[in-house]
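Spelled out from the first residue to the last, the chains are:
2 protein chains.
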Amino acid sequence: MMLRYDVLAIGNAIVDVIVAAPPVFLEERGIAKGSMRLISADEAETLYGAMGAGREISGGSAANTVVGMAALGARPAFVGRVAADQLGDVFTHDIRAAGVDFSTPASSNGNPTGRCLIVVTPDGDRTMNTYLGACQELTVADLDPAVVAASGILYLEGYLWDPPAPRAAMETAIAMARAAGRRVAMTLSDVFCVEGHRADFQRLLANHVDLMFANENEACALYQTNDLAVAMAELRKHACVTVITRSEKGAVVLADGMEHVVPAEPPVRVLDTTGAGDLFAGGFMAAMVQGRALPDCAAAGCVAASEVISHYGARPEADLKALVAARLG
Amino acid sequence: MMLRYDVLAIGNAIVDVIVAAPPVFLEERGIAKGSMRLISADEAETLYGAMGAGREISGGSAANTVVGMAALGARPAFVGRVAADQLGDVFTHDIRAAGVDFSTPASSNGNPTGRCLIVVTPDGDRTMNTYLGACQELTVADLDPAVVAASGILYLEGYLWDPPAPRAAMETAIAMARAAGRRVAMTLSDVFCVEGHRADFQRLLANHVDLMFANENEACALYQTNDLAVAMAELRKHACVTVITRSEKGAVVLADGMEHVVPAEPPVRVLDTTGAGDLFAGGFMAAMVQGRALPDCAAAGCVAASEVISHYGARPEADLKALVAARLG
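Those sequence lines, one after another, are chains A and B. Reminder that position 26 of the first sequence reads as 26 in our numbering, one-by-one numbering, no gaps. If you want our numbering, it's the 1-based position in the second sequence plus 1000.
The set of hints was computed from the structure by calculation and includes no laboratory data. Take the hints with a grain of salt, since some may be wrong.
What the hints assert, rightly or not - Each pair of labels, with its calculated beta carbon distance range: (1) B:E1045 x A:L3: 29 to 37 Å; (2) A:A322 x B:V1270: 17 to 25 Å; (3) B:S1035 x A:K321: 28 to 36 Å; (4) B:N1226 x A:P23: 40 to 48 Å; (5) A:T225 x B:K1033: 54 to 62 Å; (6) B:K1249 x A:S40: 49 to 57 Å; (7) B:K1249 x A:R37: 29 to 37 Å; (8) B:G1329 x A:G124: 27 to 35 Å.
To be verified - Quick partial rundown of chain A residues pointing at chain B, CB under 8 Å, derived from the structure: (9) Y48; (10) G52; (11) R315.
We put the beta carbon where it would ideally sit given N, CA and C, even for glycine.
Given only the sequences and the hints, what does the whole structure look like? Please build it.
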């Protein structure tokens, strides 16, 4: 079968509301700096009311990843749920304008489009407060088996493992992709996701996932250890290619008993680290689709991550293709 | 009577949708680069569909001005109409978070909240395509006479002279302000506003306005001349203080037969000129409220304009108070 898409991503369809604030804003509210947490509509309203003026930019982890892949010449599709409202229109417009196929129908009788209230502190660290809204209304009925089968990589967002209906959709998508002989990739997304779904994530890693992205904390959380070497020893037992991102220390790729260490790309400046991991995964998979070697895939990921942290918002602004070409040749 | 507000502004309540694009995007559509035009809901949908991914940041000319004034320590209020929708919530949140009193009720059965589709070309020039939406539903019933009487300056946005109901509200507000002995300020906003309402604007200037902001093109359009000297000769005939902004050439203040020439503040970079005139007016009036001399008011305006053109969006991001203090001492 001809491939229709290089990657089909399933994830949260979210608009980010980005506000700069000092660390004390988080301390006063008992919000752990650098974390991601899910909040209710009421909490979102209260927190938004306390936040300063913001800028709204489309986000969503896997959505950011495939936007980065499109900028790098890959053909991506995205599955996720927005509501039929203004923020849903914004999300839909932006992801399509970026070159990503997106045709999941908007819901019209449920929750509003999801949003992520992101507090960016002067050190560039981001603290995310996510109201999932319509995102959690994604169901297995939103999957087109023919599209899953015609996509080279199925990419899953760990964040979306939390709400039950999208989780069931992703389990089904995995089965569809495997039946069609496609690769399955996923990101662990956040320590809270790993804590909540450790057994599931370990099962997926052992049996169903070919490529896994995690940062150091998520890798350690998966094996309940504080020692990255211990986590890496566990990860090496699986056939899955595992990519561990380490912020300014770059990335490590574990594959076939090998360990590839790749340095970070020094950013022009660090303004807002939102999307660093998302764009790393995007750069990595875009290079992989082109048949690049794993260390080059990781290098491309580092370049894409470096670009996105140099400005507000988790979608690329500069010419990613030129930046990656300059690094990889 | 004690002043409750330093300034009460009446203007469009708009969220900007900012997209970077090459000049050819405008040429292909026959849109004059650097212009502002009003578009219908259908045109807005078509143009938005053709635009790249954007970022949404609260805007509106007079709203930007009073946000700048709040950042500089003044006490502003704003009157304008949003709809009860997500973009209306964004506008309301952002202007209040900036320290501006805003309590005009949102409409719930009319058009959606207004938005301005802004195409920013690589030279920093902005081309604005404005869908007014709920903005034009502002009426005289939205004015609180006690608030108008208790505001030191009534500031009017020329753009809002176009739709009839808000224009009538502004005429009434002028009468209220004059009856209370308050000052009236206005901006001519755009050449298309001047072309459409030349007789009204000349009447206001002659009889009702104490402080007028215009750029060179607007000043020339007011007197149907291509010669700024001719326009300035006409403007000098009025008691009104007239401030003519001249982009990188700074500003000229005409007052009491005097002409004060003030140089521009060199910006760090020019990324997006949206809001330059708005923030100039904000810096000027904030200094005026503090009792500064006219040349210092214009210098403060230049500093505020210089900040806002160094980043995307027409609301200040840096510490305006510190920047103005550094210039004026």
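Okay, the hints, checked on the actual structure:
{"no.": "1", "hint": "B:E1045 x A:L3: 29 to 37 Å", "result": "holds, 33 Å"}
{"no.": "2", "hint": "A:A322 x B:V1270: 17 to 25 Å", "result": "holds, 22 Å"}
{"no.": "3", "hint": "B:S1035 x A:K321: 28 to 36 Å", "result": "holds, 32 Å"}
{"no.": "4", "hint": "B:N1226 x A:P23: 40 to 48 Å", "result": "violated, 55 Å"}
{"no.": "5", "hint": "A:T225 x B:K1033: 54 to 62 Å", "result": "holds, 59 Å"}
{"no.": "6", "hint": "B:K1249 x A:S40: 49 to 57 Å", "result": "holds, 53 Å"}
{"no.": "7", "hint": "B:K1249 x A:R37: 29 to 37 Å", "result": "violated, 51 Å"}
{"no.": "8", "hint": "B:G1329 x A:G124: 27 to 35 Å", "result": "holds, 33 Å"}
{"no.": "9", "hint": "Y48", "result": "holds, 6 Å"}
{"no.": "10", "hint": "G52", "result": "holds, 5 Å"}
{"no.": "11", "hint": "R315", "result": "holds, 6 Å"}
Violated hints, listed in ascending order, are 4, 7; each of the other numbered hints is respected by the structure.
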